[in-house]
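Mapping to my numbering: the sequence shown position 83 is 241, numbers consecutive.
Heads up, a few of these hints could be off.
[To be verified] Within a straight-line C-alpha distance of at most 25 angstroms, the following computed DMTMM-like cross-link-like pairs (lysine to aspartate or glutamate) qualify:
1. K222 - D271
2. K278 - E244
3. K176 - D271
4. K222 - E235
5. K278 - E207
6. K245 - D271
7. K278 - D247
8. K222 - E244
9. K176 - E234
None of these hints come from the bench; they were simulated from the model. Keep in mind that this is a model prediction, so the values were computed, not measured.
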Amino acid sequence: METDQSEIYGVQLGLHSKNLEVDSGVLPPVVIDGSGAGLIATKPVPLTEPCDVLEPLFAFLYPKKWPHYIDRYFPEEYLNIGEAAEKYDIHYARTYCHVHFKELLRRGSYFKDAIGFAAKHNKLDLLNYAGS
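Work the whole structure out from these sequences, hints included.
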């Protein structure tokens with residue numbers, strides 16, 4: 159008997175395949191009938207990040223739904239969202255987090271975390287900004 163993934167992971171995000179295809183650089187294409195390589199549209203895909211990271215991250219796939227409340231996140235939450243944005247290559251989320259990390263560096267808060275993120279993901283402009 160196959161286990162219902164929604165019972166294990168608790169949340170189904172219901173993302174649109176075209177948004178994933180256009181705005182993510184690493185997620186495979188979605189196939190409707192399961193007759194090809196890629197994600198099958200009718201089966202949940204287990205992801206390792208918690209819902210409080212994935213929901214704001216995937217909101218960046220929908221321009222009218224950008225998580226405008228994201229400015230209320232704490233820096234450590236930005237780091238988690240930034241890590242997931244890099245992992246799933248969600249273009250707009252990567253850019254948004256990048257700008258926020260630059261602001262953290264400018265203010266001098268969470269300096270080590272922001273530098274660690276920049277070094278891990280080869281963000282040379284952030285590293286240069288931190289060194290200036």
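Next item on the list: Sort out whether D271 lies within 25 angstroms of K176, counting only the CA atoms.
Entry: The hint is violated at about 34 angstroms.
Check: Is the Cα-Cα distance between K278 and E207 25 angstroms or less?
Finding: 18 angstroms, holds
Item checked: Distance restraint between K176 and E234, which requires alpha-carbon spacing of 25 angstroms or less -> 30 angstroms, violated
Check: Going straight from one Cα to the other, do K222 and E235 come out at no more than 25 angstroms?
Finding: 22 angstroms, holds
Check: Straight-line Cα separation of K222 and E244 no greater than 25 angstroms?
Finding: 22 angstroms, holds
Notebook entry, point to check: Between K245 and D271, does the CA-CA distance stay at or below 25 angstroms?
Noted result: 17 angstroms, holds
Note to self: Hinted pair, alpha-carbon criterion (25 angstroms max): K278, E244. Please report holds or violated.
What the structure shows: 10 angstroms, holds
Check: Does K278 pair with D247 here, judged by a C-alpha cut-off of 25 angstroms?
Finding: 15 angstroms, holds
Next item on the list: Would you check the hint for K222 and D271, treating anything up to 25 angstroms between C-alpha atoms as holding?
Entry: 30 angstroms, violated
When each numbered hint is compared with the structure, violations occur for hints 1, 3, 9.
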